[in-house]
Amino acid sequence: MTDEPLLRVTALSKYYGSRIGCEEISFDLWPGEVLAIVGESGSGKTTLLNCLATRLLPTSGTASYRMRDGQWRDLYRMSEAERRFLMRTDWGFVHQNPADGLRMTVSAGANVGERLMAVGDRHYGNIRSTAVDWLGRVEIDEERIDDEPRAFSGGMRQRLQIARNLVTGPRLVFMDEPTGGLDVSVQARLLDLLRGLVTDLGLAAIVVTHDLAVARLLSQRMMVMKDGHVVEAGLTDRVLDDPRAPYTQLLVSSILQV
Amino acid sequence: MATPLIVSEVAKAFIMHLRGGIRLPVVANVSFSVRAGECAVLGGPSGAGKSSILKMVYGNYGVDQGQIIVEHHGALVDLATANPRTVLSVRRDTIGYVSQFLRTVPRVSALDVVAEPLVARGTDRRQAQKRAAELLGRLNLPERLWSLPPATFSGGEQQRVNIARGFITDHPVLLLDEPTASLDATNREVVIALIDEKKLAGTALLGIFHDADVREAVADRIVDVTEFAAGRAAA
Chain A
1 MTDEPLLRVT ALSKYYGSRI GCEEISFDLW PGEVLAIVGE SGSGKTTLLN
51 CLATRLLPTS GTASYRMRDG QWRDLYRMSE AERRFLMRTD WGFVHQNPAD
101 GLRMTVSAGA NVGERLMAVG DRHYGNIRST AVDWLGRVEI DEERIDDEPR
151 AFSGGMRQRL QIARNLVTGP RLVFMDEPTG GLDVSVQARL LDLLRGLVTD
201 LGLAAIVVTH DLAVARLLSQ RMMVMKDGHV VEAGLTDRVL DDPRAPYTQL
251 LVSSILQV
Chain B
1001 MATPLIVSEV AKAFIMHLRG GIRLPVVANV SFSVRAGECA VLGGPSGAGK
1051 SSILKMVYGN YGVDQGQIIV EHHGALVDLA TANPRTVLSV RRDTIGYVSQ
1101 FLRTVPRVSA LDVVAEPLVA RGTDRRQAQK RAAELLGRLN LPERLWSLPP
1151 ATFSGGEQQR VNIARGFITD HPVLLLDEPT ASLDATNREV VIALIDEKKL
1201 AGTALLGIFH DADVREAVAD RIVDVTEFAA GRAAA
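Those sequence lines, one after another, are chains A and B. Positions 1 to 258 (the working numbering) are the ones given, in order, by the first sequence. Positions 1001 to 1235 (the working numbering) are the ones given, in order, by the second sequence.
Chain A extracted, bound-state conformation:
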């Protein structure tokens, strides 16, 4: 474990005109740490995630990322090409809707292989065997490697999207409601899988979810957002077992007991 964070976010704000997307968000993320951002629709959690992943540019504030060579870079001062390179190699982004993160009309194997080619792998045999390995890790049968994701179920598509993101060995993965549109039983399987992969690979991840159970299972730390602000932050089990902000108490008390 290193003593330096991977990502440093300082006073990040995003306004849509006069409307607040998110305001004055600051936190550090360390390697291997999973941070959950929870809150309901419109709380600003997705705006924040998109700013962090440089899919949106913030109105003010900074986010610095420690590159593999140890250099700190301000994400919003990098060139577009540099950001794209980071996105393809060192980062992953798992969308709620797998169709947003996959190419639906090329094979499963190619979806995984494409990311490898983007980082310079040219050997077809290697690419294919790595793709097979990753399909196995996300529990997709090797026989399906030449099928298009269009022919996959929602859960399989989501697992394929995860494989596509993790194949290049990223250090930081952004996830936007990764279990969002899935059936409960499929969700459970995906969560187990994600939890295992994140632990085994020592990934840092920022997971946006409105589901506190997902946050509990995947994250060590969480931030609770409301109206663009962080209303409570801390260890995940502390926030969930001893919620202090009125809004967090409301969220926690709203969970249905099964």
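Simulated from the structure, these hints should not be mistaken for laboratory data. None of these values were measured; they are calculated from a predicted model. Ideal placement from N, C-alpha and C gives every residue a C-beta, glycine not left out. One or more of the hints may lead you astray.
Stated by the list, open to error - One-sided and incomplete, this derived list gives chain A residues near chain B with beta-carbon spacing under 7 Å:
| id | residue |
| --- | --- |
| 1 | R19 |
| 2 | S185 |
| 3 | Q187 |
| 4 | D241 |
Said to hold, decoys possible - Over 10 Å on every C-beta distance to chain A, these chain B residues come out as not near it, computed from the model:
| id | residue |
| --- | --- |
| 5 | S1031 |
| 6 | G1044 |
| 7 | N1060 |
| 8 | D1078 |
| 9 | Q1100 |
| 10 | D1170 |
| 11 | E1178 |
| 12 | A1185 |
| 13 | D1196 |
| 14 | A1201 |
Stated by the list, open to error - Covered by chain B, per the in silico footprint, the following chain A stretches (three or more residues, Cβ under 8 Å):
| id | stretch |
| --- | --- |
| 15 | 87–100 |
| 16 | 117–124 |
With chain A's structure known, arrange chain B on it following the hints.
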């Protein structure tokens, strides 16, 4: 250090914002310490705040006032104000916890649930599993269950998985929240023996035991939680 855990003037209340901001005092002026090789038991009736104290020491509940000092990686850490990252590090290496109920993770086998705290500290997985198997064997959990996820186990079986998970490491401080509540007499004896071994190894133990027999067998000292009743402090 001879006193790995010092709790000093700790206070805690719950503010119920959804109930018009009612303030529920839990405890105040909680002060005690636990020495290495000693088992201190929190005593007092239900609702006195025993579990809350244990949870504050583990960082699971926030602390309103006071200090909870542990020696961690050769330095003193105040858990009442430590940041999440420090608390996680303290949990990995310094404070272990046997909770009352096992929070099961689907699809992870009992053996791996038990081995996990060792793996997290860098022990080779196979070695950790071997140690896990020894403990589960000692706690009489049938071997056919080891490879299964504990979600479908009985209460007593889950509790034994939980105990094995808590006892597998050599954390200097170990918190026990009613570890014997749903165990039969044989397994209660095993837990008593495990606690005695921890004491000999110099672990500082802090526990809650409703079972009077177990309490008498393991407690070196009772910390009377009713002395920390929040109302008393105010008076």
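Hints and how they fare:
A distance limit of 7 Å between C-beta atoms decides the matter here; for A:R19 the minimum to chain B is near 26 Å, and the interface restraint is violated. A cut of 7 Å between beta carbons decides the hint on A:S185: the least distance to chain B is about 10 Å, and the hint is violated. Violation of the interface hint for A:Q187 is found here, the shortest Cβ-Cβ separation to chain B being roughly 11 Å, above the 7 Å cut-off. Evaluation of the A:D241 hint against chain B yields a held restraint, the C-beta minimum of about 6 Å falling below 7 Å.
Look at B:S1031: its CB is around 21 Å from the nearest CB on chain A, clear of 10 Å, so calling it non-interface holds up. Annotated as non-interface, B:G1044 keeps its C-beta farther than 10 Å from every C-beta of chain A; the closest such distance is 20 Å. Annotated as non-interface, B:N1060 brings its C-beta within 10 Å of a C-beta of chain A; the closest such distance is 5 Å. For B:D1078, the condition that its CB be more than 10 Å from all CB atoms of chain A holds, with the nearest at approximately 15 Å.
Every beta carbon of chain A lies more than 10 Å from that of B:Q1100, the smallest distance being close to 13 Å; the non-interface claim holds. For B:D1170, the requirement that its beta carbon stay farther than 10 Å from each beta carbon of chain A is met, with the minimum near 19 Å. Every Cβ of chain A is farther than 10 Å from the Cβ of B:E1178; the closest lies at roughly 17 Å, confirming the non-interface assignment. Listed as outside the interface, B:A1185 is consistent with that label: its C-beta sits roughly 32 Å from the nearest C-beta of chain A, beyond the 10 Å cut-off.
Every CB of chain A lies more than 10 Å from the CB of B:D1196, the least distance being 30 Å, so the non-interface label holds. Distance check on B:A1201: its Cβ is at least 26 Å (rounded) from any Cβ of chain A, clearing the 10 Å threshold; non-interface status holds. By the rule of at least three residues with a Cβ nearer than 8 Å to a Cβ of chain B, the coverage given for the stretch 87–100 of chain A is violated, with 0 such residues. Residues of the stretch 117–124 of chain A lying with their CB closer than 8 Å to a CB of chain B number 0, which falls below the three-residue condition for coverage.
Checked against the numbered hints above, the structure violates hints 1, 2, 3, 7, 15, 16; every other hint is satisfied.
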